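Chains A, B, C and D supply the protein sequences, listed in that same order. Counting in my numbering, the first sequence runs from 1 upward without gaps. Counting in my numbering, the second sequence runs from 1 upward without gaps. Counting in my numbering, the third sequence runs from 1 upward without gaps. Counting in my numbering, the fourth sequence runs from 1 upward without gaps.
Calculated from the structure, these hints are not laboratory results. Treat the hints loosely; a few may be bogus.
[Stated by the list, open to error] Partial selection, computed: residues in chain C whose CB lies under 7 Å from chain A:
| hint | residue |
| --- | --- |
| 1 | Q30 |
| 2 | A33 |
| 3 | V34 |
| 4 | G37 |
| 5 | H39 |
| 6 | L41 |
In this text, all values refer to a predicted model and were calculated from it rather than measured experimentally. We put the CB at the ideal spot given by N, CA and C, even for glycine.
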Amino acid sequence: MRIGVVTFPGSNGDHDALAAVELGLHQEAIAIWHKDHELGDVDALLVPGGFSWGDYLRAGAIARFAPVMDAVIEFAEAGYPVLGICNGFQILTEAGLLPGALLKNSGLTFSCRWVHVRVETDRTPFTHGIDPGTVLRLPIAHGQGRYFAPPEIVSDLEKNDQIIFRYTDRHGVENDDANPNGSLRNIAGVSNRAGNVVGLMPHPERAYDAALGGDDGLQILGAMLRSRMAVAAK
Amino acid sequence: MSVSDTTLREVALSRSEYDQVVVLLGREPTPVELGMFGAMWSEHCGYKNSRPLLKLFPTSGERVLQGPGENAGAVDIGDGLAVVFKIESHNHPSAVEPYEGAATGVGGIVRDIFTMGARPIALLNSLRFGPLERPRNRYLFQGVVGGIGGYGNCLGIPTVAGDIFFDPAYNGNPLVNAMCVGIVQHDAIMKARASGIGNLVVLVGADTGRDGIHGATFASVENPEESHRGVVQVGNPFLEKLLLEACLEVLQTEHVVAMQDLGAAGLTSSTVECASRGNVGIEIDVQYVSRREQGMNAYEIMLSESQERMLVIVREDGLDEVRAIFSRWDLHSDVIGRVTGDGHVRVLDHGVVVADVPAAYFVDACPTYVRDGIESPEARSARLYDCNSVPDIAASEVIPWLRRLLASPNICSREPVVRTYDHTILSNTILAPLEGDAAVVRIKGTTKALALKTDCNPRYVYLDPFQGGKYAVAEAARNVSCTGATPLALTNCLNFGSPEKPAGYFQLREAVRGMAEAARVLNTPVVSGNVSLFNESENGSILPTPTVGMVGILDDASKRVGLAANAGDALLLLGPPAGALGASEYLALRLGANLGAPPPVDLDVEARVQALVRNLIQQGLVTAAHDTSEGGLLVAIVEMLIPQRVGATLDLDAVIAASLGRVDGGLFGESASRIIVATPYSQRDVVERLAASAGIPVLTLGVVGGSQVHIAGVGEVEISDLCESWSNGLR
Amino acid sequence: MNAGDASVEANRQFLIEVFITPRPVVNDPQGLAVRDGLHQLGYAGVVSVRVGKYLRLHLEATSEAEAHVLATEMCDKLLANPVIEDYRLSVSPLIADATARD
Amino acid sequence: MNAGDASVEANRQFLIEVFITPRPVVNDPQGLAVRDGLHQLGYAGVVSVRVGKYLRLHLEATSEAEAHVLATEMCDKLLANPVIEDYRLSVSPLIADATARD
Ligand SMILES: Nc1ncnc2c1ncn2[C@@H]1O[C@H](COP(=O)(O)OP(=O)(O)O)[C@@H](O)[C@H]1O
Ligand SMILES: [Mg+2]
Chain A
1 MRIGVVTFPG SNGDHDALAA VELGLHQEAI AIWHKDHELG DVDALLVPGG FSWGDYLRAG
61 AIARFAPVMD AVIEFAEAGY PVLGICNGFQ ILTEAGLLPG ALLKNSGLTF SCRWVHVRVE
121 TDRTPFTHGI DPGTVLRLPI AHGQGRYFAP PEIVSDLEKN DQIIFRYTDR HGVENDDANP
181 NGSLRNIAGV SNRAGNVVGL MPHPERAYDA ALGGDDGLQI LGAMLRSRMA VAAK
Chain B
1 MSVSDTTLRE VALSRSEYDQ VVVLLGREPT PVELGMFGAM WSEHCGYKNS RPLLKLFPTS
61 GERVLQGPGE NAGAVDIGDG LAVVFKIESH NHPSAVEPYE GAATGVGGIV RDIFTMGARP
121 IALLNSLRFG PLERPRNRYL FQGVVGGIGG YGNCLGIPTV AGDIFFDPAY NGNPLVNAMC
181 VGIVQHDAIM KARASGIGNL VVLVGADTGR DGIHGATFAS VENPEESHRG VVQVGNPFLE
241 KLLLEACLEV LQTEHVVAMQ DLGAAGLTSS TVECASRGNV GIEIDVQYVS RREQGMNAYE
301 IMLSESQERM LVIVREDGLD EVRAIFSRWD LHSDVIGRVT GDGHVRVLDH GVVVADVPAA
361 YFVDACPTYV RDGIESPEAR SARLYDCNSV PDIAASEVIP WLRRLLASPN ICSREPVVRT
421 YDHTILSNTI LAPLEGDAAV VRIKGTTKAL ALKTDCNPRY VYLDPFQGGK YAVAEAARNV
481 SCTGATPLAL TNCLNFGSPE KPAGYFQLRE AVRGMAEAAR VLNTPVVSGN VSLFNESENG
541 SILPTPTVGM VGILDDASKR VGLAANAGDA LLLLGPPAGA LGASEYLALR LGANLGAPPP
601 VDLDVEARVQ ALVRNLIQQG LVTAAHDTSE GGLLVAIVEM LIPQRVGATL DLDAVIAASL
661 GRVDGGLFGE SASRIIVATP YSQRDVVERL AASAGIPVLT LGVVGGSQVH IAGVGEVEIS
721 DLCESWSNGL R
Chain C
1 MNAGDASVEA NRQFLIEVFI TPRPVVNDPQ GLAVRDGLHQ LGYAGVVSVR VGKYLRLHLE
61 ATSEAEAHVL ATEMCDKLLA NPVIEDYRLS VSPLIADATA RD
Chain D
1 MNAGDASVEA NRQFLIEVFI TPRPVVNDPQ GLAVRDGLHQ LGYAGVVSVR VGKYLRLHLE
61 ATSEAEAHVL ATEMCDKLLA NPVIEDYRLS VSPLIADATA RD
């Protein structure tokens, strides 16, 4: 499988995403530049973390207008798997590919630590084959990860099975202590209506090797490989 | 015509230094030249007071590829790779504007690393503040921590280790030392030596503004808040990230002959250093320098310390390719001049010469001072304080004291700080902050890893600069050894008060002597460093703080060991068992003052204890290792129990007996060369045997398990209670 | 919003608006990035951008003059960082109704 | 600041001020923190604080009306995010002299 990784000015998770694809998934990683107008021949796309344009104004706000974004939007609308991680999630919400927005953490500081998230649905290419209710341990590292969407949107998300990950304790129980940033209803990741575009704040691409503290991230990245046929069939 | 005292004060030159300038030039300097001399002859750039002392450091070794003198040191780590590292202070700017001061400190040290062609892979920071009860100190603390995280996180370089210490001597004068570590192929190491007459001088990155004018001079005078009149520098980590990637890419081409970041004294020091190191001249015209503001004159342009700028010396035929790479990264670059053959730094403003001085005058002719140093009477009498005049504590007081020590700001959990630093980015961190005595980061594509730590107990250095200097090196190395890594080399930042005061000079000289001796015996040459003197405020000098940044190598990364003990492990103490009260955190808390002689370091024992622990780790015999430092033995034991929230059953009578029979001395006294290891109970005797054959005392302290810490003859306490004391000290 | 009770009878509420900008000579990386972003969007006419903060406070005070004095003090002490920022403020009386909405 | 040349003759410069606030339904922890900080300093009369952004743009346009249209577009596209933010803007002509200072 050929997995594209987009680099924006200020991206810094691109190296990890490329490494996770190559060293963790053993798949081909393709670096894509923000000034490119085409994605080339890729089967799936990772929009990595970092501080695109310094996160100035709002995280992801300026990146959303990068030349490559037209191609990203086209790719997403064609139903291919697109995963936005951290800043990538922020960019995809700014671009309107995902609902909601990500605000400054309720604690007002950057937070780097390992958290638990519960997989809410297996209908996306990034959770395909993972039993709903499975708890994964992943690192977070962000200052603006508080998920917010207006109430009517959130009920839509619930109704349409678009909430993909929730922060929980290690036993899968949702509570305030397990919510690292004040996200609405402990939401850690959401998808678009179709389910092929997913964004999450935790970093699966930094959890591909037990030596790093855990390899649960491989389940999310690896799900792409299993679900590929399903997506291609559409 | 003679220059006024006010002007001289502005450039921080003495009258006699000015006279030397006139003699050298054979004429009065122009205003621009005078400003340039002021910057280059400041302590910060010229090391006027420290240069003779720095010669005491051992700087070479089989693995040293680059010692002091370039932007950073470089050490061979095999596989054709080198580790490049340096530590630098940003104390004065942080006292004025803590967030931006600390942020730009990180920015500066990162540039020093990628200037060498190395990719930065880790950041460390060493911080000193006055007590947090004072609102101003808390403001500085929060700002500094915020700035370090804000800049490093954005750059995507993990901040993996550091150290923090509080003492009233840092009121109004916090210390902010940042260290960066990078990796480079041997043959890709780039130097800051201009060469090739006719080659082009290219300035790339941020536009030049009026920020930080006289930063270098201002870093070398007392009372920063008062003396600082320039515009505070505001960092742009986003721009630095672009510079980092673009510079590393440009260095892949054949077109660059030298690279130098613009740090203190901006264009002045970068042009002077590039020319002087390369034994060539440089001619630039400031009209080509892009500005952020209108109406800047040559003086301001030459002394501006605007951040995120680099000087690149490029072959003319490669210019287009180099500039294309920069513009691909949306970076603006200007050709501002050329390399010349006459050894002069010549500055033009629209073709008119405004400065023309042989580079050597700025560098080689910089005056140096060797002064008289005398121990201050206060430090002397504090050192000679009779610790045994303090009554011992009763067994019933041990647990309350333990809790008090665990909650002390100098000992308690650094979690509230480290959580705001991204330590997982780059996916190399295999021993994270709080997991081990040093951080361990793997090197992708090899089996190797680096162990990194900064350290300095400034209380020790204050009370006995020579022993304290030795101890700082020994402790940093010990922390590295406790992960299983072999200490390779060190960098250091000498943060001291005024060397013009005999007591200040004494501290500086003695600490450097001690550090040099330890570095020699422990075989960890000094490959880079930085000097920050004149750290004084209305309450006098800071505690002398020679921060050591140690780098070690672990050939097999999978062998690394943290500090968390497991249930079922035995705890063994390696090294001389006795603790003593002198200069301890315990005594400081008890008496509210820094008192007593710090523990002396027997470097031979130190080296053997460290070798032993590395050997044990190498053989897979231990699950955890941790040295005893502030707080002494019992605190160190509890620090090994906290991560797994597990208890232990301890018998520490032998330690107490060895410590003149004092309960407080044995449990809370401090000492050098002690390491506690946790080993599966069944392997205890193997460890004992190896220790015996290495000639190192070994003592079984107890067994890990349960939810309580039981201490024979003392009582017990829930580990969760101890966790609570430890966790909340910085909140 | 529990401080909003009317127990101190004479007090009225004022809206304080504080406009904080980076001082003119201070580098404003955020402004530069936004300017470049706008250029990328095709707004070539954007000459410069400075990004600051906008605070809205509801404050109880006995008079507009007092509100002004208090607000100035708060800016000097906490809201603006004089080392790198300038501020300007405006005070206006709040009608009870508006309070609820803001 | 190289975009500031006067080659487009008809153009004049305008100062655009943009005031961005978090939408009322959005929690503003920063505002709460500032309020608490002010209470701690003894300003008990502070009822609420909301923290937003204040942008100052210098924009070339042929008329104030055009400047207003452009500024509104920029806000809608980039400067504010309608999911979480409200904005207000004001346009005023810049006299040549003021340009240099801001
Ligand atoms: N400023 C800091 N930044 C990052 N990590 C830090 C900082 N200060 C302390 N740490 C981490 O906290 C842990 C404890 O540090 P310290 O108390 O200095 O250990 P020791 O007493 O063994 O030298 C280490 O993992 C260290 O790297
Ligand atoms: Mg240690």
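Each hint tested on the structure:
| no. | hint | in the structure |
| --- | --- | --- |
| 1 | Q30 | holds (4 Å) |
| 2 | A33 | holds (4 Å) |
| 3 | V34 | holds (5 Å) |
| 4 | G37 | holds (4 Å) |
| 5 | H39 | violated (11 Å) |
| 6 | L41 | holds (6 Å) |
Checked against the numbered hints given earlier, the structure breaks only hint 5 and satisfies all the rest.
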